[in-house]
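All chains, please: the whole structure from these sequences, using the hints.
As a plain string of letters, each chain reads:
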Amino acid sequence: MIEIDGLTKTYEATTVVDHVSLTIEKGEICVIVGTSGSGKTTLMRMINRLVEPTAGTVRIDGRDTRDRPAHQLRRQIGYAIQGHGLFPHRTVGQNIGTVPRLLGWEKPRIAARVDELLSLFQLDPALYRDRLPSELSGGQQQRVGVARALAAEPDILLMDEPFGALDPIIRSKAQDDLLAIQKRFGTTIVLVTHDMEEAITLGSKIAVMDKGKLLQYATPAEIIARPATDFVNQLIGTGDRPFRLLSLETVLDHVEPGEAAGDAIDASLSLRDAYAECLWSGRDAIPVEEAGQRIGRVTLSRLTALAARPQ
Amino acid sequence: MAQLLSSPSDLQAARVPRLDKLGIIIAVLVLAAVFFLPFVISRPNRIVAGMALPISGALPALQAIVLYGLIALGSVIGLLRVPSLWRLASSFVVVLSLCLFLGGAANFLTPEGNTVARVSPGAGFWVLVFAFALIAADALVRLRLGPLARIGVLLLVAAAIAAMLWAGVWQNLSILKEYANRGAAFWAEARTHVALAFGSLAVATVIGVPVGILCYRRSSVRAALLPVLNMVQTIPSIALFGLLIAPLAWLAANVPGASAVGISGIGTAPAMIALFAYSLLPIVSNTVIGLDGVDASVKDAARGMGMTDNQVLFGVELPLAFPVILTGIRIVLVQNIGLATIAALIGGGGFGVFVFQGIGQTAMDLVLLGAVPTVALAFVAAVVLDALVELVSPKRVPSA
Chain A
1 MIEIDGLTKT YEATTVVDHV SLTIEKGEIC VIVGTSGSGK TTLMRMINRL VEPTAGTVRI
61 DGRDTRDRPA HQLRRQIGYA IQGHGLFPHR TVGQNIGTVP RLLGWEKPRI AARVDELLSL
121 FQLDPALYRD RLPSELSGGQ QQRVGVARAL AAEPDILLMD EPFGALDPII RSKAQDDLLA
181 IQKRFGTTIV LVTHDMEEAI TLGSKIAVMD KGKLLQYATP AEIIARPATD FVNQLIGTGD
241 RPFRLLSLET VLDHVEPGEA AGDAIDASLS LRDAYAECLW SGRDAIPVEE AGQRIGRVTL
301 SRLTALAARP Q
Chain B
1 MAQLLSSPSD LQAARVPRLD KLGIIIAVLV LAAVFFLPFV ISRPNRIVAG MALPISGALP
61 ALQAIVLYGL IALGSVIGLL RVPSLWRLAS SFVVVLSLCL FLGGAANFLT PEGNTVARVS
121 PGAGFWVLVF AFALIAADAL VRLRLGPLAR IGVLLLVAAA IAAMLWAGVW QNLSILKEYA
181 NRGAAFWAEA RTHVALAFGS LAVATVIGVP VGILCYRRSS VRAALLPVLN MVQTIPSIAL
241 FGLLIAPLAW LAANVPGASA VGISGIGTAP AMIALFAYSL LPIVSNTVIG LDGVDASVKD
301 AARGMGMTDN QVLFGVELPL AFPVILTGIR IVLVQNIGLA TIAALIGGGG FGVFVFQGIG
361 QTAMDLVLLG AVPTVALAFV AAVVLDALVE LVSPKRVPSA
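Line by line, the protein sequences give chains A and B. According to full-length UniProt numbering, the first sequence is numbered sequentially starting from 1. According to full-length UniProt numbering, the second sequence is numbered sequentially starting from 1.
Think of the hints as simulated: they come from the structure by calculation, not from any bench. All C-beta atoms in this analysis are idealised placements derived from N, C-alpha and C, irrespective of residue type, glycine included. Each hint should be verified, as a subset may be incorrect.
What the hints assert, rightly or not - Pairs of lysine-lysine, DSS-like flavour, derived with a Cα cap of 30 angstroms:
#1 A:Lys205 x A:Lys26
#2 B:Lys21 x A:Lys211
#3 B:Lys299 x A:Lys213
Unchecked claim - Interface residues of chain A toward chain B, partial, derived using beta-carbon atoms under 7 angstroms:
#4 Leu50
#5 Val51
#6 His71
#7 Arg74
#8 Gly83
#9 Pro88
#10 His89
#11 Thr98
#12 Val99
Structural data, given as structure tokens:
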């Protein structure tokens with residue numbers, strides 16, 4: 001659990017982060033979203049003290065982050081950034097082993113962990129362990145960057161626009177991978193982005209920042225349904241609201257008994273995908289299947305009702 | 001081959017290779033050097049005016065014809081767009097024969113048993129060597145040799161020169177006659193020269209790199225120090241050597257123990273200090289530039305993962321900045337090998353001793369005895385350090 005309390009950062013006359021308080025529960029993905037200059041990155045960097053707060057406190061599991069040297073604090077917290085920041089003069093394996101080495105792990109344990117992470121990120125250890133980062137594609141470099149951040153099994157992972165440099169297809173794959181890994185390890189993730197779409201896809205909670213102030217801190221559904229200010233509303237985009245709302249839930253949540261004609265869709269897809277399929281194929285209902293078994297159907301009228309503003 | 005060349009114009013091009021642009025310039029140079037400049041200067045003794053002789057006058061008729069032929073052949077190969085390896089080999093052969101025949105000319109023109117007559121290389125010889133060395137250098141660049149191969153070529157050339165010296169090819173040439181009179185002094189000054197150039201470099205590196213790190217970390221130090229070092233660099237070298245005489249003489253006279261450790265107004269100490277002062281800027285500024293050039297996201301990631309400042313410096317920043325720092329060291333070494341010549345003016349020793357003695361006596365052969373090894377040393381240093389810089393630089397691999 002991360003408790004941020006009255007956190008403020010001032011550079012001479014300008015206040016970059018202004019009395020921000022929020023609590024991030026264990027195992028949550030908190031996405032901080034805002035335009036550039038909103039203070040979102042500074043807020044995140046104060047959690048691992050890459051930026052020292054002017055006022056306020058950060059507590060991790062009840063413990064003030066200032067009670068130990070900053071570099072020791074940072075070794076307990078994963079850190080991944082845009083443009084990956086891999087060490088160009090060290091191999092992929094050495095890069096991933098950075099924090100375990102700092103923590104003084106035994107060599108065999110580091111090697112085993114490196115191979116485990118490479119496999120987890122679908123990179124063959126024998127093939128990639130001894131390569132230099134420059135020999136990898138952009139998507140592979142980004143995966144190694146996240147693997148490196150997770151190397152010492154941190155409870156908390158900070159990510160600053162980690163997918164910003166990726167093209168849309170690789171980006172959506174990287175987002176899915178991150179969700180899968182988060183589910184597996186239960187890591188608490190704080191992720192900074194300027195992209196509301198990404199925030200809604202990934203976040204279990206979204207913190208909207210503007211001009212150093214926290215405007216709203218709520219679940220994606222809450223943010224879409226009841227934006228706290230015009231600015232939040234603008235970030236969501238009024239034209240996309242119903243679709244973003246639908247994208248939050250899967251077909252499985254709203255499947256109903258009954259038959260329907262035509263090809264079935266998978267229950268794990270989002271309601272948004274189901275709605276698009278209805279419109280595209282001109283059907284009022286589509287069959288739903290789970291693991292190849294038909295389990296019911298989803299109807300256009302039900303989807304339309306779900307896309308309406310929650311009361 | 002034949003079926004590849006389909007159109008008539010291709011056939012035309014294959015029969016008559018096109019001309020090389022550099023080759024045309026060099027051919028003009030060679031023509032001028034052969035017909036209008038003396039190959040050697042022959043003098044009855046070392047300081048009187050000499051007689052300028054072309055190749056035809058400096059060698060027996062048959063040897064002269066062979067040399068003319070080799071030069072002509074080399075020029076034609078240089079002129080045509082033939083594979084670089086051919087151009088390299090032919091220019092090597094021509095330079096080698098120029099050197100051999102220069103020694104031959106000295107033997108031919110020096111009367112038996114005469115020790116005062118002098119035969120020196122003339123402007124024609126130098127221009128010819130320069131012209132063909134240029135073809136060789138151009139061919140080497142086009143061959144894109146790796147750093148180790150370049151050092152190999154350098155060793156080969158050095159071995160060839162050593163072999164010619166050892167075989168006594170040039171024993172009647174003026175430079176070696178000057179050397180024969182000053183053998184012991186030559187090696188003593190060579191040691192001083194190397195000690196001045198490398199010693200000042202070592203001190204400048206040991207002090208300059210930490211100062212560079214300090215400038216990189218504290219912008220106030222950078223703002224104060226770099227302009228000062230820049231200014232030092234603009235002081236003419238002779239002036240700086242001269243400027244140091246008064247304060248160092250004062251130190252030697254007034255601070256107890258100062259003269260005991262070698263500090264004096266003239267001699268090696270001020271030379272060392274001046275060379276050190278000139279060395280500092282390239283090393284400090286390259287250290288700063290190298291550290292500044294390390295990708296910001298790499299530094300941020302290093303800190304964000306919990307490296308201490310020193311771990312970031314020694315584990316990430318310095319290794320990544322090293323090629324740039326080494327480039328600074330290369331600049332300084334080549335610069336100092338040249339500048340150390342001037343140290344002789346204030347009694348600092350080195351090859352400059354022969355240069356300034358030679359100027360004083362209007363004995364150009366003696367000037368060459370100091371100048372040729374200085375140039376050779378600087379050249380070797382440049383080639384070796386360039387190769388080193390390339391070896392430690394990260395390989396450029398295009399990302400997929």
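Results of checking the hints against the structure:
About 12 angstroms separates the Cα atoms of A:Lys205 and A:Lys26, which keeps this hinted pair within 30 angstroms; it holds. A threshold of 30 angstroms between alpha carbons decides the hint, and for B:Lys21 with A:Lys211 the separation of about 63 angstroms lies outside it, so the pair is violated. Taken as a hint, the B:Lys299 and A:Lys213 pair is honoured in the structure, with Cα atoms around 28 angstroms apart against an allowance of 30 angstroms. At its closest, the beta carbon of A:Leu50 sits 6 angstroms from a beta carbon of chain B; the interface hint therefore holds under the 7 angstroms criterion.
The beta carbon of A:Val51 comes no nearer than 11 angstroms to any beta carbon in chain B, farther than 7 angstroms, and the hint placing it at the interface is violated. A hinted interface residue such as A:His71 counts as satisfied when its beta carbon comes closer than 7 angstroms to some beta carbon of chain B; here the least separation is about 5 angstroms, so the hint holds. Because the smallest distance between the Cβ of A:Arg74 and any Cβ of chain B comes to about 4 angstroms, under 7 angstroms, the interface hint for this residue holds. The interface hint given for A:Gly83 is met, as the beta carbon of that residue sits about 4 angstroms from the closest beta carbon of chain B, less than 7 angstroms.
The interface hint given for A:Pro88 holds, since its Cβ lies 6 angstroms from the closest Cβ of chain B, which is under the 7 angstroms cut-off. Because the closest C-beta pair between A:His89 and chain B is about 5 angstroms apart, less than 7 angstroms, the hint holds. Hint status for A:Thr98 relative to chain B: holds, with the closest Cβ pair at about 6 angstroms, below 7 angstroms. Of the supplied interface hints, the one on A:Val99 holds, with its beta-carbon coming within about 5 angstroms of a beta-carbon of chain B, less than 7 angstroms.
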